[in-house]
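Engineer: Sequence:
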Amino acid sequence: MKSTLKMLILVSMLVAITGYAQNGIGERNGVVEEAIPIALIEMNGTIEKVNEGPCTYTVGNAVNGIHLMVLTENQEMVNVHLGPTWAISVWVDGMEHGTHVDLVVFRTEKLPIGHYIAKELEWDGQRAQFRDGYLKPFWAGRYGKEAW
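Count the sequence shown with mature numbering (1 follows the signal peptide of the UniProt record, and there is no 0) and you get residues -21 to -1, 1 to 127, in order.
Hints listed in this document are in silico derivations from the structure and should not be mistaken for laboratory results. Just so we're clear, the structure is a prediction, and the values are computed from it rather than from any experiment. Please note: incorrect hints may appear among the correct ones.
[To be verified] The list that follows gives simulated cross-link-like pairs (lysine to any residue, SDA-like), each with its CA atoms no further than 25 Å apart:
no.: 1; residue 1: Lys115; residue 2: Glu88
no.: 2; residue 1: Lys89; residue 2: Gln54
no.: 3; residue 1: Lys115; residue 2: Glu101
no.: 4; residue 1: Lys28; residue 2: Val71
no.: 5; residue 1: Lys28; residue 2: Tyr113
no.: 6; residue 1: Lys89; residue 2: Asn40
no.: 7; residue 1: Lys28; residue 2: Trp65
no.: 8; residue 1: Lys115; residue 2: Gln54
no.: 9; residue 1: Lys115; residue 2: Asn23
no.: 10; residue 1: Lys28; residue 2: Glu55
no.: 11; residue 1: Lys89; residue 2: Glu31
no.: 12; residue 1: Lys28; residue 2: Ser68
no.: 13; residue 1: Lys28; residue 2: Ala107
no.: 14; residue 1: Lys89; residue 2: Trp118
no.: 15; residue 1: Lys28; residue 2: Asn58
no.: 16; residue 1: Lys28; residue 2: His94
no.: 17; residue 1: Lys115; residue 2: Asn43
no.: 18; residue 1: Lys28; residue 2: Arg86
no.: 19; residue 1: Lys115; residue 2: Thr35
no.: 20; residue 1: Lys89; residue 2: Phe117
no.: 21; residue 1: Lys28; residue 2: Gln108
no.: 22; residue 1: Lys89; residue 2: Val42
no.: 23; residue 1: Lys28; residue 2: Trp118
no.: 24; residue 1: Lys28; residue 2: Asp72
no.: 25; residue 1: Lys28; residue 2: Val69
no.: 26; residue 1: Lys28; residue 2: Gly120
no.: 27; residue 1: Lys115; residue 2: Tyr36
no.: 28; residue 1: Lys89; residue 2: Gly32
no.: 29; residue 1: Lys115; residue 2: Gly77
no.: 30; residue 1: Lys28; residue 2: Asn43
[Stated by the list, open to error] Beta-carbon label-pair distances, calculated as ranges:
no.: 31; residue 1: Gly112; residue 2: Glu27; range: 25 to 31 Å
no.: 32; residue 1: Asn23; residue 2: Gly120; range: 27 to 33 Å
no.: 33; residue 1: Asn40; residue 2: Gln108; range: 17 to 23 Å
no.: 34; residue 1: Tyr113; residue 2: Glu27; range: 28 to 34 Å
no.: 35; residue 1: Glu55; residue 2: Thr35; range: 19 to 25 Å
no.: 36; residue 1: Lys28; residue 2: Gly112; range: 27 to 33 Å
no.: 37; residue 1: Ser68; residue 2: Glu101; range: 14 to 20 Å
no.: 38; residue 1: Gly104; residue 2: Ile17; range: 27 to 33 Å
Backbone N, C-alpha and C fix where the C-beta goes; we use that ideal spot for every residue, glycine too.
Whole structure, please, built from the sequences with the hints as guidance.
Structural biologist: Spelled out as C-alpha cells, the structure:
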C-alpha cells in the first residue's frame, strides 16, 4: 500500500513538472507544443550589452534571464532572449561590448517588435545551440521537464 501511494505521488509530481516546461509568453503551451510553424531568422551584428535580470516575457520557473542587446548590420537594436541565467551564464562569460555575433533566432506574435529568442549563437570561434530543431531548449531536459 505504501509503495503504491509513493508511486502515485511520484507520478503526480512528474505530471505537474512537465506542465511547466517550456511555456510561451502568457500561454499555457510553448512553441514546442504548438502546431504553428515558426520562421527562423538569421542575423548578425555586434553586442552592445549583455543584460542579466528579471525577464518580463518569461512564464517559466526562472526568475532571471540573460539577454543580448545587439546592433545588427542594418543598424537595428534588437533584444535577444537567450534563456534562464542558471543555464546560460557559462555561455556568455567573456562576451562584451563590440563582440561580433551571428545569430539564428525566432519570434512569436506575443513578443514586442525588436525582441527575438535565440536558437543558435556564434562568436569568437565559439558556437552555442540553445534550442534543438523543434525549438525545445536544452535546459528543458530529455522529457520536457525543466532541470532543477
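Engineer: Give me the numbers of the hints this structure contradicts, sorted from smallest to largest.
Structural biologist: 5, 8, 26 and 29
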